[in-house]
Amino acid sequence: QKEVEQNSGPLSVPEGAIASLNCTYSDRGSQSFFWYRQYSGKSPELIMSIYSNGDKEDGRFTAQLNKASQYVSLLIRDSQPSDSATYLCAANDYKLSFGAGTTVTVRA
Amino acid sequence: EAGVAQSPRYKIIEKRQSVAFWCNPISGHATLYWYQQILGQGPKLLIQFQNNGVVDDSQLPKDRFSAERLKGVDSTLKIQPAKLEDSAVYLCASSLDRLAGGHNEQFFGPGTRLTVL
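Protein chains in written order, with this note's numbering: chain A, 988 to 1095; chain B, 613 to 729.
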């Protein structure tokens, strides 16, 4: 059973703060990792992908990958109310295994 | 570029009835996926197609669920007969090619919300 675990939420952060989301995975064969954002009642939207150890930055989002520790994280800098959503971590070994998601609420 | 299309968006049926969902992937995407997402959970893969062939249906309840992708483009997912626990959102996703270097970025359609009464 390939498992992806995410830190339990909900996570509430003030506007302008950094939101930190964590994810661990069990399958060492996973080759790539993705973060999806899912607004309530909507489908998942791909926001970040990472394939190599280290950091990857895209605008206010930074993904971090540590394959030795089987750990992936997502940082959201300067959080905005529009970032309020559920964030899904997914690990890919020719098919995606998703975590249950972490719900983030950015309070004004 | 058009995204993944799905229909219907919503469906309400009685238990033991049948239902079918349709998906049209992003043009040129060889790999198509059907997921089931129950409220409060992450999407769970039901079946994965590479062109018109099934590559993984290990989590598809085959006694009641079936899916096809006859011409390697559109796909349909059917449930017959439906049970109460099938109430969920059914998501279709596509990617360029699941064998493309393992990156396999998947893009989701809007989903079909199924309610079984």
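Please keep in mind that the hints were generated in silico from the structure rather than gathered at the bench. A hint or two may mislead.
Stated by the list, open to error - Some chain B residues well away from chain A (every beta-carbon gap over 12 Å; in silico): (1) Lys656; (2) Leu657; (3) Gly665; (4) Asp668; (5) Arg676; (6) Thr688; (7) Lys690; (8) Val701; (9) His715; (10) Gln718; (11) Leu726; (12) Val728.
Claimed, not checked - In silico DMTMM-like links for lysine to aspartate or glutamate, alpha-carbon gap of 20 Å or less: (13) A:Lys1054 to B:Glu717; (14) A:Lys1082 to B:Glu717; (15) A:Lys1082 to B:Glu697; (16) A:Lys1082 to A:Glu1002; (17) A:Lys1043 to B:Glu717.
What the hints assert, rightly or not - Heads up, incomplete: computed chain A residues facing chain B, CB under 8 Å, no partners named: (18) Ser1030; (19) Lys1082; (20) Phe1085.
Remember, predicted model here, so these are calculated numbers, not experimental data. Where is the CB? At the ideal position from N, CA and C, for every residue including glycine.
Checked hints:
With a cut of 12 Å on Cβ distances, Lys656 of chain B falls inside the contact zone with chain A, its closest approach being about 7 Å. A beta-carbon of chain A comes within 12 Å of the beta-carbon of Leu657 of chain B; the shortest separation is about 6 Å. Once the 12 Å rule is applied to beta carbons, Gly665 of chain B is consistent with being away from chain A; the minimum gap is 14 Å. Look at Asp668 of chain B: its CB is around 6 Å from the nearest CB on chain A, not clear of 12 Å, so calling it non-interface is violated.
In this structure Arg676 of chain B is separated from chain A by more than 12 Å, as the shortest Cβ-Cβ distance comes to about 22 Å. Residue-level check passed: Thr688 of chain B sits 18 Å from the nearest beta carbon of chain A, beyond 12 Å. Interface exclusion of Lys690 of chain B from chain A stands, the closest Cβ pair being 20 Å apart, more than 12 Å. For Val701 of chain B, the condition that its CB be more than 12 Å from all CB atoms of chain A is violated, with the nearest at approximately 8 Å.
For His715 of chain B, the shortest C-beta to C-beta distance to chain A comes to about 5 Å, within the 12 Å cut-off, and the non-interface label is violated. Not every CB of chain A lies more than 12 Å from the CB of Gln718 of chain B, the least distance being 6 Å, so the non-interface label is violated. Every Cβ of chain A is farther than 12 Å from the Cβ of Leu726 of chain B; the closest lies at roughly 14 Å, confirming the non-interface assignment. Even its closest Cβ contact with chain A, about 19 Å, leaves Val728 of chain B beyond 12 Å, as expected for a residue assigned away from the interface.
Simply put, Lys1054 of chain A and Glu717 of chain B have alpha-carbon atoms about 19 Å apart, close enough for the 20 Å limit, and the pair holds. Pair hint Lys1082 of chain A plus Glu717 of chain B holds up; C-alpha atoms about 10 Å apart against a cutoff of 20 Å. Between the alpha carbons of Lys1082 of chain A and Glu697 of chain B the distance comes to roughly 24 Å, so the proposed pair goes past 20 Å and is violated. This hinted pair does not check out: Lys1082 of chain A and Glu1002 of chain A have alpha carbons roughly 35 Å apart, beyond 20 Å.
At roughly 16 Å between alpha-carbon atoms, Lys1043 of chain A and Glu717 of chain B fall within 20 Å of each other, so this suggested pair holds. With a cut of 8 Å, the hint placing Ser1030 of chain A at the interface with chain B holds, because the nearest CB-to-CB distance is about 4 Å. Because the beta carbon of Lys1082 of chain A sits about 6 Å from the nearest beta carbon in chain B, less than 8 Å, this interface hint is met. The beta carbon of Phe1085 of chain A is positioned within 8 Å of a beta carbon in chain B (closest approach about 3 Å), and the interface hint is therefore held.
Checked against the numbered hints listed earlier, the structure breaks hints 1, 2, 4, 8, 9, 10, 15, 16; every other hint is satisfied.
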